[in-house]
Amino acid sequence: MGSSAKKKKEKKKDFQKPKLKVGKAKPKAANSTDTSFKAKSIALKQQSLSTNAPTVEAQCAHHLALLSHKSETQRRESLAYLTTAISTNPPGLPLPQPSSVIIPTVQRLILDGSNGVRQQLLKLFQSLPKADIPSHTDQLLLHTRAGMTHLATDIRIFALDVLEWLLEAAGDDVVSCAGGWVKTLKCFLSLLGWQNDATSKWSAVKSAGKAGGDSKLQVKQMNTLAAFLKVGLIPSQVVVPVEAGTTFPLWHTEQHMLSKRSNPYAHLNLFGPPRDEESEMYEDREDRQRVFHDRAEAAIVAGLEQALKGGGELGRAAAQLRRVVKEGMADYHGEDLEELSTQ
Amino acid sequence: MKRKVGALEKVDADLTNLQYKARRDPPSYEEDFRRQYSQYEALRDLLLTNPSSSADTGVVRFTELVDFIAHLAESYPNITAKFPDDLIHILSYHAELESDLRDKIVSALVLLRNNHVIDSSTLLNTLIPILVVTPSKSLRALLFQKIVSDLRSANSKATQHRLNRTIQTVLFNLLTSDRETTKGLWSVKITREMWKRQIWTDAKAVDIMKEACLSDNEKVITGGVRFFLGGDREREEAADESSDEEGVDLNKLRHQAGINKKGKKERELKRAAATVKRKERKKNAPHPLNFSALHLLHDPQGFAETLFSRHVQNSKSKLSLNAKLAILNLVSRLVGLHKLTVMSLYSYLLKYLTPRQASVTSFLAILAQATHDLVPPDVLEPLIQKIANEFVSEASASEVAAAGLNAIREICSRQPLAMNDVLLQDLVQYRKSKDKGVQMAARGLLSLYREVGAELLKKRDRGKDATISLRAGEMKERRYGEAAIGQIEGIDLLEKWKEEERRKKREAAGLPPDAAIDEEEHAADDWKNWEVGSDDDSDSSGGWIDVEQDGDDINISDSEDGKEPPPKKAKLSSETPGPTDDAEKENKEAEAKKISKLLTSTILTPADLKQLKALQESSAIRSQMPSSKRAALLAARHTDDAITAETIEAAGLLSKKTSKEEKIAMAKADRDDKHQSTTAKRKEKKMSEGKSTTNKEKARKKNFLMTLGKAKGKNKRSLVDVRKSLRGHVERQKKGGRRGNRG
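Keeping their order, the protein sequence lines are chains A and B.
Take 1 as the starting number for the first sequence in the working numbering and just add one per residue.
Take 344 as the starting number for the second sequence in the working numbering and just add one per residue.
Please keep in mind that the hints were generated in silico from the structure rather than gathered at the bench.
Treat the hints with caution; some may be incorrect.
Partial list, derived from the structure: chain B residues whose beta carbon lies under 10 Å from chain A [stated by the list, open to error]:
| # | residue |
| --- | --- |
| 1 | Tyr380 |
| 2 | Ser381 |
| 3 | Tyr383 |
| 4 | Glu384 |
| 5 | Lys729 |
| 6 | Leu942 |
Built from N, CA and C at the ideal position, the CB exists for glycine as well.
Please model the complete structure; the sequences and the hints are all you need to start from.
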């Protein structure tokens, strides 16, 4: 090997010393890398050189930007900062950043992989003023539903937490926003494994354990579903006292006033894509009852029976849920009977 | 954002695993699939609120879900009924979507189509509009590839006429709806690809291209024109390539499978066997009849006229010279091929015929191409005159003169009447030129006119053949518009052969050889061997050889019966090298009678035609003569073949002096740059594969200095020592090495 003159010469070539000459540029090394580059423009981010500390607003904006940081600790810290900033905000003053900025940025963290981040997120949600929630319900609900169907069990549980908070904060909006009623119901049904299709085969065993994860999760799901149905089906107890005397010449002033809700004409769907039955808005209780009766009631009743047989904590939750369903649908059946009797 | 997942949960989160399981047993995993589907729906709603957002939140990415559902949509048709529409809807936001997701959706749609969830026309009607409008280059490439491959796979088993028609209509409408922009280029591209792959071979595809040629955008126009000029050649090349590839040597494979490890080899073998079988079947299948695009064109006259008036003559059209040349080329091809009449073309070309014009040889080629024998000679005469004046003179450069002469020859070979005697005699003088290119070009013109119009030449230029045939009155100038009488070459040979056969059969049966011919019997015989089988083939050719051997016999019998001897060409050729005109003239009338008789009384069977072909090939008299060789060459040049600028320039190249380097390069062109012996190549291959060398090789390569000591010792030894060592060596050999291999 390597005996021929040619090979020797080749080998030698590698170790030859480059000749340096006076007045000539130094020859480049064989391994030198060209680091020059061309650019149409070079933008330098401005450095803030102010001596005074950044305002809370600026810091909040900064932390909002950090929410998409790849480190989960950083995300959690930023959320924590925002939470404290909101909760320490003196009442009466506006928030350091408006809710309409905060909510759209933080809502995708519902699906975040880290448990700590999610728990912190819930704290942040709870610290937000309740009046700001209704206008963002549909977006939040979308994320919540995505979380409820998520593969990871703890994200699913967390999404239920969020839904509970949401029901508490803006219950009416949750059940009446576009797609909020039917889609969420469907979501619950598929989570609990209560499908109302007639085609289900007898051999397909309803694997209660697998479909809902462990029973603890299922209990939580049922509780949340009960809360959801309660908001949607049972009329709120607060009845506006009609004071006939004070507003004597005016009747039904409420109807003629400007609505206090945000986006009061959303049900007209002026600018969105056409809606189907699932994504329709169901603002009336009667509507919701009808849809519930058509689509979900049979499945829920059947599922409840099975759960009741199971007993234990699961049975208790099921009983509670059944009570809610009965209460919510009591007058609906009555209507149905009335219709039947009139016919 | 990866998070740790527990073992049980991992099984759930593993979409690939779930997909695998669900594919094998859909009903059991319906619940799981439903859950994934609802997850997909939630994420889809999220995405639709803001399509530009990145959809990969959390553990599972939207793209993965789409992929998962697309793979299983076949198994759960009820759940996924709306899935394809969803994807199409999402894809309508293609401009804002993340490129990753966008590509995934496209491939998911293709997957759905391959699984027959959606049909081809839905897929193509989704993809084509996006292909046209999207600003993303990568998406365009992807879509184009998917569209073409889908059309191919749809047409792979049988031609899908309805699908093809709808897509062709879509492409056609794309062209007609927007004439100004480059959108139409996509229909050109798709159609060209389909044409190349022989999937679309009908007139509708040609119609699309015709529409493209008549569009207003330069790119689209050139795309269409290029298709007509080169699409068919491209198709032929593609067909050749595909037939060359995938040559599977089954024996070799079988051998390899025997040697190497077992396992999936068997499957491979089976696949290879299937390929071989398919190829065999393809080989036996009749060759598909493919007409060239120029022949499938509907109304070529109108097309040529519109092309010419809209793009070339129109002073408002702002096409570049190259584009105009391509269009002119197409127009002239059409004129030459279909013998169209576009009079304004010739007067248009007149002003471009000067040596200073850019790419003038292309113009000359176009003019030659646009000439055919139905062009009035008086239209062409000024053009030829101008070429002669501008190009062919002693003062002009030799290449220019050669090109001019060559162009004149090309024009005159198509319409000889366009030349007058004064000009021709003048041009022919250039054969005395010192320059070789000019010389050859002038000689070409001379030899052309010796064949087609010898009267125009001076007497001393006519040559022997032409003079003889002129005197005999055989050669007549063909008048304008006169067409040659059609006849089948070699039909006389066939008739003679038939007679021979019949005679032999009668002799074998013991009948008088020249009794009245029993027509019916004869006819019955013919119909019996209608088809030519493969074994029939050798028989018939053998039969022909018999004819030659029995040649004398025939003559004798003929003379006995007092008939005139039939012209036996094969015999003549063996006796006299040249044709004897007198003898031929004698036989002429009789021959003509015979031909008409054979052609009018019988129908030629395929067997007859085959025989005819064999007879033609073997009657080798005429093909010996140089003039007929040239004629054959001319005939071989198909009318479909184009004349290019290179044809015109060819003569000029002769006069160009090549430098030494060029000559060397030319001589070396067809050789490998580095010569290596087979052994050396093998050795190099071995080295590159990292294999070891033999001991012999090592010994040979050993450093010379290292061997010196041993060699020195060897020299000094006494004879006895040498003998001892040699003997020792022999013994060691017997024993099998130093250690020995026994015990």
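For each hint, the structure was consulted:
no., hint, result
1, Tyr380, "holds (8 Å)"
2, Ser381, "holds (4 Å)"
3, Tyr383, "holds (8 Å)"
4, Glu384, "holds (8 Å)"
5, Lys729, "violated (54 Å)"
6, Leu942, "violated (75 Å)"
Checked against the numbered hints above, the structure breaks hints 5, 6 and satisfies the rest.
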